[in-house]
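Given the coordinates of chain A, work out where chain B should sit on it, guided by the hints.
There are 2 protein chains.
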Amino acid sequence: MNRMAPRKQQEIFDATVRLVAEKGYDGLTVEGVAERSGVNKTTIYRWWPSKAALLGAALVESDVLGFAAPDTGSLRGDLVALVEGVRRLLTQRPAADIAVAALAAAVRHPELDGHRFFADRFAREREIFERAAVRGELKESADPMLIVDLLAGAVWMRAVLRDLDVGDDFATEAVSAVLDGVRTR
Amino acid sequence: MNRMAPRKQQEIFDATVRLVAEKGYDGLTVEGVAERSGVNKTTIYRWWPSKAALLGAALVESDVLGFAAPDTGSLRGDLVALVEGVRRLLTQRPAADIAVAALAAAVRHPELDGHRFFADRFAREREIFERAAVRGELKESADPMLIVDLLAGAVWMRAVLRDLDVGDDFATEAVSAVLDGVRTR
Chain A
1 MNRMAPRKQQ EIFDATVRLV AEKGYDGLTV EGVAERSGVN KTTIYRWWPS
51 KAALLGAALV ESDVLGFAAP DTGSLRGDLV ALVEGVRRLL TQRPAADIAV
101 AALAAAVRHP ELDGHRFFAD RFAREREIFE RAAVRGELKE SADPMLIVDL
151 LAGAVWMRAV LRDLDVGDDF ATEAVSAVLD GVRTR
Chain B
1 MNRMAPRKQQ EIFDATVRLV AEKGYDGLTV EGVAERSGVN KTTIYRWWPS
51 KAALLGAALV ESDVLGFAAP DTGSLRGDLV ALVEGVRRLL TQRPAADIAV
101 AALAAAVRHP ELDGHRFFAD RFAREREIFE RAAVRGELKE SADPMLIVDL
151 LAGAVWMRAV LRDLDVGDDF ATEAVSAVLD GVRTR
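In order, the protein sequence lines correspond to chains A and B. Just so we're aligned: 110 in UniProt numbering is position 110 of the first sequence, and the numbers increase by one with no gaps anywhere. Just so we're aligned: 64 in UniProt numbering is position 64 of the second sequence, and the numbers increase by one with no gaps anywhere.
Some clues are possibly wrong.
What the hints assert, rightly or not - Some chain A residues near chain B, calculated using beta-carbon distances under 7 angstroms:
(1) 64
(2) 90
(3) 104
(4) 163
(5) 177
Unchecked claim - To be clear about the criterion: a stretch of chain B counts as covered by chain A if any three or more of its residues have a C-beta under 8 angstroms from a C-beta of chain A, and this derived list gives those stretches:
(6) 96-104
(7) 115-129
(8) 148-159
These are calculated hints, taken from the structure and not from any lab test. For each residue, glycine too, the CB sits at the ideal point set by N, CA and C.
With the rest of the complex left out, here is chain A (with noise of 0.2 angstroms):
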């Protein structure tokens, strides 16, 4: 099977996502997909078997969700620059309405893989950590995955399951709570 063109895939991807944000997941139909990105829909179905698959696939690599780990210099830096790009994930639009559609999706539905959407940024936030244990600004038992959860975890529940506003302050609070501890010493 000849590759498809990226541009003709991140067509096909950018519709997929914009259309999980305006109709949900359980109005997400390859027909409509085919139709918003005017590409045949028996090929999107030789690429991608499901609806639940081409999701799945772009989730992790459509633009509209994209993301390139900071690089600041320092670990505070980069990991307030992590929580800004997370906060601006699920608060701005079309972003925010097609993350919270498609992750609300990829809970109910687990044929959708959406851990593979963490995975995948995962793979790239740890040069964070990397780049920050050579500078000796992590404690050894510091768990890279566990600083992420923790940090985008907040945003999600701020953002999302609170439905409150994330304000200017949030990412620097947060990096600093969780960098320097909240306990008196």
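Relative to chain A, chain B alone:
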């Protein structure tokens, strides 16, 4: 309007949260709740005008998702117990199915008023931080809701979004990261 007997109300809430776990929000109907709880449909509608109102109330008041703030004598002990509670809620059946289905629905259906669930819990979690402040365990700058969101969000990330095991050491390690900090000094 007369009050409804508390036991009858719990049966309705219990039927509601179990049905949402089994069938998802789209499959939840007041008719289904009436049938499962043995309460007349018109009686249910008299108290809760829609299935969204019914599920919103059930999330806050159902015993299945019940919550009491721990009081172990130390901030560390209380937070470990709190994280253990969230871990059980998000990993043990039937609570996990209910919590995940209901919260996924809350994200997609704002009329469900799902953040009441978190506001109600936080009102009780505050006590942990009030006692810790009296004991002098917390930095003055520490923000209780941020601490809860970091810890509860990490469990949510790990168990629900990443779909990974939350190990027996998770609570201790997450609390240690937030209390003690992860950077070298």
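Quick check: which numbered hints come out false for this structure? 1, 2
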